[in-house]
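Engineer: Numbering-wise (the UniProt record's numbering), the sequence shown opens with residue 1 and increments by one.
Hints listed in this document are in silico derivations from the structure and should not be mistaken for laboratory results. Please read these numbers as outputs of a predicted model, since none were measured by experiment. Possibly wrong hints are sitting among the right ones.
Unchecked claim - Simulated restraints on C-beta separations:
1) D231 x E208: 16 to 26 Å
2) G252 x I185: 18 to 28 Å
3) L132 x A77: 38 to 48 Å
4) V157 x I185: 24 to 34 Å
5) R266 x A77: 20 to 30 Å
6) E261 x A118: 52 to 62 Å
The beta-carbon is built from N, C-alpha and C at its ideal position, and this holds for glycine as well.
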Amino acid sequence: MTPRSRGPALFWRVAIGNAAVLAVACVITAFVFAPSETDIALREFAIFLGGLASMLAINLLLLRRALGPLRELTSFARRIDPLEPGLRLQVTGGDSEATELADAFNDMLDRLEAERRASVGRALAAQEGERLRVAQELHDGVGQSLTGVVLQLGRVVRDVDEGARPRVVEAQETARESLEEVRRIARRLRPEALDDLGLASALHVLGERVAEHTELRVDVHVQPSLEFGADEELVLYRVAQEALTNVARHAGAKRAEVRLERAAGRSRLEVDDDGSGVPGEAQEGGGVLGMRERAVLVGGTLKVARSPLGGTRVTLELPS
Numbered sequence: 001m002t003p004r005s006r007g008p009a010l011f012w013r014v015a016i017g018n019a020a021v022l023a024v025a026c027v028i029t030a031f032v033f034a035p036s037e038t039d040i041a042l043r044e045f046a047i048f049l050g051g052l053a054s055m056l057a058i059n060l061l062l063l064r065r066a067l068g069p070l071r072e073l074t075s076f077a078r079r080i081d082p083l084e085p086g087l088r089l090q091v092t093g094g095d096s097e098a099t100e101l102a103d104a105f106n107d108m109l110d111r112l113e114a115e116r117r118a119s120v121g122r123a124l125a126a127q128e129g130e131r132l133r134v135a136q137e138l139h140d141g142v143g144q145s146l147t148g149v150v151l152q153l154g155r156v157v158r159d160v161d162e163g164a165r166p167r168v169v170e171a172q173e174t175a176r177e178s179l180e181e182v183r184r185i186a187r188r189l190r191p192e193a194l195d196d197l198g199l200a201s202a203l204h205v206l207g208e209r210v211a212e213h214t215e216l217r218v219d220v221h222v223q224p225s226l227e228f229g230a231d232e233e234l235v236l237y238r239v240a241q242e243a244l245t246n247v248a249r250h251a252g253a254k255r256a257e258v259r260l261e262r263a264a265g266r267s268r269l270e271v272d273d274d275g276s277g278v279p280g281e282a283q284e285g286g287g288v289l290g291m292r293e294r295a296v297l298v299g300g301t302l303k304v305a306r307s308p309l310g311g312t313r314v315t316l317e318l319p320s
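Kindly generate the complete structure, drawing on both the sequences and the hints.
Structural biologist: Quick look at the structure:
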């Protein structure tokens with residue numbers, strides 16, 4: 001959105017007001033104290049110009065320094081992205097009211113980011129709880145029912161005549177494929193490998209399963225001895241999962257790489273592909289917004305850029 005026009009800057013409004021006051025004062029002084037009307041014009045005009053130049057110089061020295069934080073605050077406010085937390089205004093200008101305003105603005109950002117992180121955390125926790133419930137119902141309900149159907153059809157195959165047996169076998173295979181699909185969906189909803197084996201093993205299993213069900217070749221590299229909290233592990237896994245899903249669905253890629261490592265005091269997850277890339281105007285689609293919201297939960301930042309492989313690179317950086 002284009003900022004609306006607000007007229008002259010505050011500095012010039014103050015300077016013009018002061019100049020108007022100075023001009024009125026010079027005119028009044030000239031008419032009151034001048035010995036004759038013929039002496040007014042040139043002398044008072046010179047006094048007015050000298051006073052005006054002095055006033056502008058003083059305004060320039062005092063007001064620009066005092067109002068500098070306001071300009072910085074305006075420019076900074078236009079750059080703020082709620083999904084990229086951590087940016088703060090570097091305040092200059094001493095102890096002026098404008099500096100206090102900038103400090104208050106930074107404090108407000110701290111409170112807003114804390115509240116957003118808490119609200120995102122509650123929403124994602126509810127989402128993960130619902131995923132777990134649905135996964136359990138699929139596994140224990142639908143999965144068990146389909147297992148029973150497969151076993152029953154297996155017994156029926158032995159009792160039917162030869163003419164009907166191929167159709168029963170076909171029905172049994174269809175039920176078995178449906179059972180595998182239900183199990184795959186349940187695993188996607190709640191990754192058992194993450195709960196049982198840890199993040200590194202879960203990422204390798206994720207890569208294997210994506211490669212198994214798509215035409216992608218997925219290489220996973222995880223730096224040894226990395227440790228994360230439960231929330232961080234879940235965010236890292238979900239971001240990798242969503243990024244690989246986007247690659248499989250939209251990128252037209254043949255190869256993808258997942259790397260998790262720690263460098264310069266920050267943990268970094270990178271997912272690269274050799275596909276067609278993501279147009280700039282479409283970066284908030286395809287699950288990217290959801291990944292950025294997950295990054296906010298753990299104080300991280302997510303970026304989407306061109307990959308050295310030729311496609312897209314999704315990078316998630318954690319603060320520790």
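Engineer: Each hint should be assessed against the structure and marked as holding or not.
Structural biologist: Here's how the hints hold up against the structure:
For the pair D231 and E208, the supplied restraint of 16 to 26 Å holds, since their beta-carbon distance comes to about 25 Å. G252 and I185 have their C-beta atoms about 24 Å apart, which keeps the hinted 18 to 28 Å range intact. For L132 paired with A77, a C-beta distance near 40 Å keeps the hint of 38 to 48 Å intact. Restraint check, V157 to I185: a C-beta distance of roughly 27 Å satisfies the suggested window 24 to 34 Å.
Against the hinted window of 20 to 30 Å, the Cβ-Cβ separation of R266 and A77 comes to about 27 Å, which satisfies the hint. Under the hint 52 to 62 Å, the C-beta atoms of E261 and A118, about 29 Å apart, miss the expected range.
In terms of the numbered hints stated before, the structure departs from hint 6 and from no other.
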